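J.: With the hints as constraints, model all of the structure from the sequences given.
In my numbering, the protein residues as written are 1 to 268.
Hints are computed from structural coordinates only; laboratory data are not their basis. Keep in mind the model is a prediction, meaning the values are calculated, not measured. It is possible that part of the hints are untrue.
Label-pair distances were calculated between CB atoms; the ranges are [to be verified]:
1. Ser-226 x Gly-12: 14 to 24 Å
2. Leu-5 x Ala-237: 38 to 48 Å
3. Lys-197 x Pro-175: 15 to 25 Å
4. Arg-266 x Arg-7: 42 to 52 Å
5. Val-74 x Gln-124: 42 to 52 Å
6. Ile-206 x Gln-238: 23 to 33 Å
7. Ser-8 x Val-74: 33 to 43 Å
8. Lys-249 x Gln-205: 39 to 49 Å
9. Ala-99 x Ser-257: 43 to 53 Å
10. Arg-140 x Gly-12: 34 to 44 Å
11. Glu-143 x Glu-102: 30 to 40 Å
12. Pro-50 x Gln-124: 30 to 40 Å
By construction, the Cβ of each residue, glycine as well, lies at the ideal position given by its N, Cα and C atoms.
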Amino acid sequence: MGAGLHRSFGEGFAVYGGFSIEEWGEVESAMLALLETAPLTRKELHAKLPELSKLQWAGWGQDVKGLAFRGRLVFANNDGATRFRATRLEEHELNRDGASAEFLVRYFGAFGPATFQDFLYWSQMPMAQAKAAMKAASGRLIEVEVAGLAGKRYVASPSLKDARAPSLRGVRLLPKFDPLTLAHRDKGLLFSSDTAKKVFRPAGQIEATVLAGGEIVGTWRLKRGSKSGEIAVDPFAQLSPKVRSGIEKEAARMAKSLGLERIDARIG
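T.: Have a look at this one:
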């Protein structure tokens, strides 16, 4: 899918980016050459390529998005600073149709039960390509019903051993812009119409969320100090003692991963 997305992305620069398609191709080649030498922060990258300063929305990824669509760039955040580095493409035995079907199956394996429309929304795949992938993958998908929700939904057949994927069990503190919150066009699987408004905020902000038993039950924010921190949880409804205990365990796990002595959970 990368070639089509990259082509559409590149065409946009003639409208709002200040570059022609040819000029932007030269800039991307120069970025790639730099990132193949060493990982760079956005500030370092722009210092080496001053022409990037005229690009709108660079802070939202417009500078490196094209390389990402091509599969040539990844994040390199080992020391806490956001850096980008180049990656090399590898040949694979799947052809385009086989890769599309595999892509679709992996989506339903990760985010099912989901609808075909959910997949289109998430993947941005052209309709004809998506329909062909759905047909090719039909033997690897199983149609299921979700109580209270209309429409055909699918899961990848191995996941039927347990209808709830491991990520949907227990309590988890999901970060901002977590893939699970972005995976469905129909938000009814995880949200009600009211709670979705509390997660998807103005200016494209998507709150960090509390996932409990396969449902988004609140949002949270971390206030971090030098040695400790506090998580403020804004629940959508009264939380059970079990969920509260799960949040406290998640806070302790987060403290360990961030190298803090402790993180206290303040549940509203």
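J.: Which numbered hints are broken by the structure, listed smallest first?
T.: 1, 5, 7, 8, 9, 11
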